[in-house]
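K.L.:
If you read the sequences in order, they're chains A and B.
Each position in the first sequence, counted from 1, maps to that position plus 11 in my numbering.
Each position in the second sequence, counted from 1, maps to that position plus 11 in my numbering.
No lab work stands behind these hints, which were simulated from the structure alone.
All C-beta atoms, glycine included, are put in the ideal place defined by N, C-alpha and C.
Treat the hints with caution; some may be incorrect.
Stated by the list, open to error - Part of the chain A face toward chain B, derived, beta carbon under 10 Å: (1) H78; (2) L82; (3) G115; (4) V147; (5) E153; (6) F178; (7) L192.
To be verified - One side of the interface only, derived from the structure: several residues of chain A facing chain B at Cβ under 7 Å: (8) G45; (9) A107; (10) R131; (11) F146.
To be verified - Quick list of the computed label-pair ranges, beta carbon to beta carbon: (12) A/R34 to B/N113: 29 to 39 Å; (13) B/E87 to A/M12: 39 to 49 Å; (14) B/S177 to A/A83: 36 to 46 Å; (15) B/E59 to A/A201: 33 to 43 Å; (16) B/G181 to A/K156: 19 to 29 Å; (17) A/E59 to B/D53: 28 to 38 Å; (18) A/M12 to B/K188: 23 to 33 Å; (19) A/R62 to B/V170: 48 to 58 Å; (20) A/E59 to B/D114: 16 to 26 Å.
2 protein chains.
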Amino acid sequence: MKIIVIGAQGDIGRAASAELAARHEVIKAGRTSGDIRVDITDRASIDEMYRKTGNVDAVVSAVGDVHFGPLAELTEDQFMLGLTHKVMGQVNVVLAGLNTLNDGGSFTLTSGVLDRDPIRQATGAATANGALGGFVKGASIEMPKGLRINVVSPGLLDVSVPRYGSFFHGHEPVSSKRVGLAYAKSVEGALTGQVIIVE
Amino acid sequence: MKIIVIGAQGDIGRAASAELAARHEVIKAGRTSGDIRVDITDRASIDEMYRKTGNVDAVVSAVGDVHFGPLAELTEDQFMLGLTHKVMGQVNVVLAGLNTLNDGGSFTLTSGVLDRDPIRQATGAATANGALGGFVKGASIEMPKGLRINVVSPGLLDVSVPRYGSFFHGHEPVSSKRVGLAYAKSVEGALTGQVIIVE
Numbered sequence: 012m013k014i015i016v017i018g019a020q021g022d023i024g025r026a027a028s029a030e031l032a033a034r035h036e037v038i039k040a041g042r043t044s045g046d047i048r049v050d051i052t053d054r055a056s057i058d059e060m061y062r063k064t065g066n067v068d069a070v071v072s073a074v075g076d077v078h079f080g081p082l083a084e085l086t087e088d089q090f091m092l093g094l095t096h097k098v099m100g101q102v103n104v105v106l107a108g109l110n111t112l113n114d115g116g117s118f119t120l121t122s123g124v125l126d127r128d129p130i131r132q133a134t135g136a137a138t139a140n141g142a143l144g145g146f147v148k149g150a151s152i153e154m155p156k157g158l159r160i161n162v163v164s165p166g167l168l169d170v171s172v173p174r175y176g177s178f179f180h181g182h183e184p185v186s187s188k189r190v191g192l193a194y195a196k197s198v199e200g201a202l203t204g205q206v207i208i209v210e
Numbered sequence: 012m013k014i015i016v017i018g019a020q021g022d023i024g025r026a027a028s029a030e031l032a033a034r035h036e037v038i039k040a041g042r043t044s045g046d047i048r049v050d051i052t053d054r055a056s057i058d059e060m061y062r063k064t065g066n067v068d069a070v071v072s073a074v075g076d077v078h079f080g081p082l083a084e085l086t087e088d089q090f091m092l093g094l095t096h097k098v099m100g101q102v103n104v105v106l107a108g109l110n111t112l113n114d115g116g117s118f119t120l121t122s123g124v125l126d127r128d129p130i131r132q133a134t135g136a137a138t139a140n141g142a143l144g145g146f147v148k149g150a151s152i153e154m155p156k157g158l159r160i161n162v163v164s165p166g167l168l169d170v171s172v173p174r175y176g177s178f179f180h181g182h183e184p185v186s187s188k189r190v191g192l193a194y195a196k197s198v199e200g201a202l203t204g205q206v207i208i209v210e
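Let's have the full structure, built from the sequences with the hints guiding it.
P.N.:
Take a look at the structure:
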């Protein structure tokens, strides 16, 4: 298979790429690095990415910004970041790619643990994650050409602990290997409309 | 209790108001009708609503627009409607109301069935519903003053069948009475961070 991994240099993108590259051609895309540069907040940039890759069999998206901050201090702009970037950005990857994916291909998006096991200052992330779960459930029954769509929802990755562990006390980190397997399950399996939890 | 019901003239708002008004003072709010007019897409309008009501014990929000249309034809603006209106609008009702609710008060938002039992042309709704589930889960652990927050997720109401039934073939309608009970459970009970499903 020919697979685009967006956000391939992030902790999650690396885990997905490592697992998938063992058996497939992986095209790495990212905002500031990779084989192709793409800004998922800009539909034209996503369209350009697909023009460069041509038809592919799968797209993995492991990107999406959210704002972290105390609930009572959140501004509308801060709250909307997760909805415009992590949600709408990843949704645009799907909407823009419907014609570029080969029949039977798949989209795999990325959410995270915070809508089922919340931490403080993370309502923006919890909201975006829940939204993505709803999106893949709804979109899965309308996908053309036998396309599938899932979202992987990993806990805090082991490799992310040095940077983010202090926000996640008590959370058991998940191995990058297991996170990579979840993307393989989505891309190489037959599931659709699922939130694939790794915890 | 003194309770604001936003969207009190809608099918769901009527169900909530009917149940709660039997035991409490209900202030009906709405975009075009009610004791107080409020536009939840406008933070200033929400702030003005709370200035008019003064302190209250509970807020029920039963409002939120989404766009319905085939997945493959969705524009970004159409998709964003659910995120800016149904999600951000209801979230702003919460953020703006944190200081106005009395200690131990509650917010009850409204989502719907489409993120767990999807229909065609409803990815916008599925996404918004999922987002609201994530929001209340995340927000519940950060609420000040012992405030609680839940979201009621009803199936298609019996009274809504004449207008929307043709989109929901095979869905068993739920009675308005049972939907009203769900709001009473949220407002008068002790749950928090829950998606209260009525189906």
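K.L.:
Next step is simple, just say for each hint if it's right about the structure.
P.N.:
We went through each hint and held it up to the structure:
1. Taking 10 Å as the C-beta contact cut-off toward chain B, the hint placing A/H78 at the interface is violated, the least distance being around 12 Å.
2. The restraint placing A/L82 at the interface with chain B holds, with a minimum CB-CB distance near 4 Å, inside the 10 Å limit.
3. Below 10 Å, beta-carbon pairs count as interface contacts, and A/G115 has none with chain B, the closest being about 17 Å; its hint is therefore violated.
4. Interface restraint check for A/V147: the shortest CB-CB distance to chain B comes to about 9 Å, inside 10 Å, so the restraint holds.
5. The interface hint given for A/E153 is met, as the beta carbon of that residue sits about 4 Å from the closest beta carbon of chain B, less than 10 Å.
6. Below 10 Å, beta-carbon pairs count as interface contacts, and A/F178 has none with chain B, the closest being about 13 Å; its hint is therefore violated.
7. Here the hint on A/L192 is broken, as its CB sits about 24 Å from the closest CB of chain B, past 10 Å.
8. At its closest, the beta carbon of A/G45 sits 24 Å from a beta carbon of chain B; the interface hint therefore is violated under the 7 Å criterion.
9. With a least beta-carbon distance of about 10 Å to chain B, the hint placing A/A107 at the interface is violated under the 7 Å criterion.
10. About 6 Å separates the beta-carbon of A/R131 from the nearest beta-carbon of chain B, less than 7 Å, and the hint is met.
11. The restraint placing A/F146 at the interface with chain B holds, with a minimum CB-CB distance near 4 Å, inside the 7 Å limit.
12. Taken as a hint, the range 29 to 39 Å is violated for the pair A/R34 and B/N113, whose Cβ atoms sit roughly 59 Å apart.
13. A beta carbon spacing of about 28 Å between B/E87 and A/M12 contradicts the range 39 to 49 Å that was offered as a hint.
14. Taking 36 to 46 Å as the suggested C-beta distance range, the pair B/S177 and A/A83 conforms, at roughly 43 Å.
15. A hinted range of 33 to 43 Å is violated for the C-beta pair B/E59 and A/A201, which are about 53 Å apart.
16. For the pair B/G181 and A/K156, the beta carbons lie near 25 Å from each other, so the given range of 19 to 29 Å is met.
17. Checked against the given bound of 28 to 38 Å, the beta carbons of A/E59 and B/D53, roughly 36 Å apart, stay inside it.
18. Range check, A/M12 to B/K188: Cβ separation about 52 Å, and the 23 to 33 Å hint is violated.
19. Against the hinted window of 48 to 58 Å, the Cβ-Cβ separation of A/R62 and B/V170 comes to about 49 Å, which satisfies the hint.
20. About 53 Å separates the C-beta atoms of A/E59 and B/D114, a value inconsistent with the hinted range of 16 to 26 Å.
The structure fails to meet hints 1, 3, 6, 7, 8, 9, 12, 13, 15, 18 and 20 from the earlier list, while all remaining hints are met.
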